[in-house]
Amino acid sequence: MTYQTFFKEIKIKGYTLPTDVKRYYHLEEKAFDSDYKKM
Amino acid sequence: MTKKELGKLVEYFFGKEGDDNSNLKNCLTNNVKFRINGCKKNFFNEKFGTTISCSQYDSVISGEGSEDKKIDSFYSSSLQSLLFFCGVSETNPLTYENVKYTKVYFEWENPVIGYPSSIDVVLVGKKDGKADGKTIVLFIESKLYETIRDSNTKSEKKSFVIGKSYFSNSEKGYGKLGLESDTDLEEIGIFQDRTTGKGYVEPIKSDAGQEKNEFVYPGGIKQELSHIIGILNFRDDPAGRKKYNTNALASDPLEEDYEIRFLTLINAMPGYSETNAELKIKAFYNHYNKVIEKLKQIAREQKAGNV
Numbered sequence: 049m050t051y052q053t054f055f056k057e058i059k060i061k062g063y064t065l066p067t068d069v070k071r072y073y074h075l076e077e078k079a080f081d082s083d084y085k086k087m
Numbered sequence: 006m007t008k009k010e011l012g013k014l015v016e017y018f019f020g021k022e023g024d025d026n027s028n029l030k031n032c033l034t035n036n037v038k039f040r041i042n043g044c045k046k047n048f049f050n051e052k053f054g055t056t057i058s059c060s061q062y063d064s065v066i067s068g069e070g071s072e073d074k075k076i077d078s079f080y081s082s083s084l085q086s087l088l089f090f091c092g093v094s095e096t097n098p099l100t101y102e103n104v105k106y107t108k109v110y111f112e113w114e115n116p117v118i119g120y121p122s123s124i125d126v127v128l129v130g131k132k133d134g135k136a137d138g139k140t141i142v143l144f145i146e147s148k149l150y151e152t153i154r155d156s157n158t159k160s161e162k163k164s165f166v167i168g169k170s171y172f173s174n175s176e177k178g179y180g181k182l183g184l185e186s187d188t189d190l191e192e193i194g195i196f197q198d199r200t201t202g203k204g205y206v207e208p209i210k211s212d213a214g215q216e217k218n219e220f221v222y223p224g225g226i227k228q229e230l231s232h233i234i235g236i237l238n239f240r241d242d243p244a245g246r247k248k249y250n251t252n253a254l255a256s257d258p259l260e261e262d263y264e265i266r267f268l269t270l271i272n273a274m275p276g277y278s279e280t281n282a283e284l285k286i287k288a289f290y291n292h293y294n295k296v297i298e299k300l301k302q303i304a305r306e307q308k309a310g311n312v
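Chains A and B are the protein sequences, given in the same order. My numbering puts the first residue of the first sequence at 49, with every later residue one more than the last. My numbering puts the first residue of the second sequence at 6, with every later residue one more than the last.
FYI, nobody ran anything at the bench for these hints, they're computed from the structure. Computed from a predicted structure; not experimentally measured. Just so you know, even glycine gets a beta-carbon here, dropped at the ideal spot from N, CA and C. Hints are not guaranteed to be accurate.
[Unchecked claim] Below, simulated EDC-like cross-link-like pairs (lysine to aspartate or glutamate); rule was C-alpha separation at most 16 Å, straight line:
{"id": "1", "chain 1": "A", "residue 1": "61", "chain 2": "B", "residue 2": "133"}
{"id": "2", "chain 1": "A", "residue 1": "59", "chain 2": "B", "residue 2": "51"}
{"id": "3", "chain 1": "A", "residue 1": "70", "chain 2": "B", "residue 2": "187"}
[To be verified] If you only want the chain A side, here are some residues facing chain B, beta carbon under 7 Å, derived:
{"id": "4", "residue": "50"}
{"id": "5", "residue": "54"}
{"id": "6", "residue": "58"}
{"id": "7", "residue": "61"}
{"id": "8", "residue": "63"}
{"id": "9", "residue": "64"}
{"id": "10", "residue": "66"}
{"id": "11", "residue": "68"}
{"id": "12", "residue": "69"}
Take these sequences, add in the hints, and give me the full structure.
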């Protein structure tokens with residue numbers, strides 16, 4: 049699983065991650081979600 | 006690269022979301038490091054707005070692989086997992102697949118053969134978030150840049166070596182996983198040289214019959230198999246947990262019906278512009294998926310045989 053997909057799921061449930069960590073690791077780039085679900 | 010240039014890169018890298026990230030490639034391939042004065046833990050806390058504790062930081066740098074020397078690099082996957090998971094606590098639980106995780110441990114070491122396998126993160130939580138719910142122990146392997154580094158892919162393909170002690174049908178080595186024949190191993194791309202007894206990882210064909218993908222990260226496949234052997238040892242030898250670990254989990258007896266899970270997280274790194282980066286990530290994913298499917302098949306056969 050990718051960090052991007054994992055983060056998308058857990059943030060809905062409330063785990064708080066600092067904004068700079070999200071930005072640094074590209075965890076809010078929506079464009080890649082659909083591509084990597086196909087893997 | 007001068008210090009001044011490095012500073013520009015660092016500032017650029019922390020730019021607004023949606024910025025062109027072409028400098029990411031330079032940061033990673035040139036092993037660009039953070040400029041750190043004083044305590045690294047404090048630097049990361051200040052820079053990322055996190056609260057990494059001393060014990061968490063010490064755990065990460067105490068693992069195998071000299072993480073203390075790598076953690077100030079852009080490509081450190083240990084730093085990625087530390088920053089991502091350091092906030093897990095009773096007041097900031099991480100809920101995934103109906104399990105509420107409230108405890109986190111870093112660089113957990115399970116005995117395998119020779120050196121232990123160091124798993125980046127272990128989360129401990131309760132199913133459905135209930136105090137009397139089943140305890141779930143989730144092992145997480147974290148990947149940032151490893152799957153796409155050239156030195157980890159095609160150039161290493163033939164040279165990556167697996168010690169001959171792994172090729173054993175006993176409770177040690179691949180026999181622990183039920184991988185007992187050459188056919189079993191070759192299905193997942195593991196081959197043994199009969200002359201030396203040592204092994205290596207080769208790319209395998211996809212289900213769609215496509216040509217072998219040369220971009221597989223062989224060291225990663227070997228590492229994942231070692232992690233799974235180590236996790237089985239965690240299950241089978243509770244006393245052995247203290248051999249390499251000193252934190253609370255090492256002494257926690259856990260209740261009888263606790264459950265173990267294993268997850269590998271790969272950063273897809275949108276914005277990384279290297280040619281074939283996506284192919285490399287997918288090649289690793291597809292190969293690893295074959296490994297997991299094979300182990301699931303063995304588990305089903307073992308279960309059927311025990312009925």
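Results of checking the hints against the structure:
Distance hint between residue 61 of chain A and residue 133 of chain B is fulfilled; the C-alpha atoms sit about 12 Å from each other, no more than 16 Å. A hinted pair counts as satisfied when its Cα atoms are at most 16 Å apart, and residue 59 of chain A with residue 51 of chain B does not qualify at roughly 22 Å. Straight-line distance between C-alpha atoms of residue 70 of chain A and residue 187 of chain B comes to about 44 Å, which puts the hinted pair past the 16 Å bound. Taking 7 Å as the C-beta contact cut-off toward chain B, the hint placing residue 50 of chain A at the interface holds, the least distance being around 4 Å.
The beta carbon of residue 54 of chain A comes within 6 Å of a beta carbon in chain B, closer than 7 Å, and the hint placing it at the interface holds. With a cut of 7 Å, the hint placing residue 58 of chain A at the interface with chain B holds, because the nearest CB-to-CB distance is about 5 Å. Look at residue 61 of chain A: its Cβ gets to within about 4 Å of chain B, closer than 7 Å, so that hint holds up. Proximity of residue 63 of chain A to chain B holds as hinted, the smallest CB-CB distance being about 4 Å (cut-off 7 Å).
At a threshold of 7 Å, the smallest CB-CB gap from residue 64 of chain A to chain B is about 6 Å, leaving the interface hint in force. Checking residue 66 of chain A against chain B: minimum C-beta separation of about 4 Å stays under 7 Å; hint holds. A hinted interface residue such as residue 68 of chain A counts as satisfied when its beta carbon comes closer than 7 Å to some beta carbon of chain B; here the least separation is about 5 Å, so the hint holds. For residue 69 of chain A, the suggested interface contact is upheld, since its CB lies about 5 Å from the closest CB of chain B, less than 7 Å.
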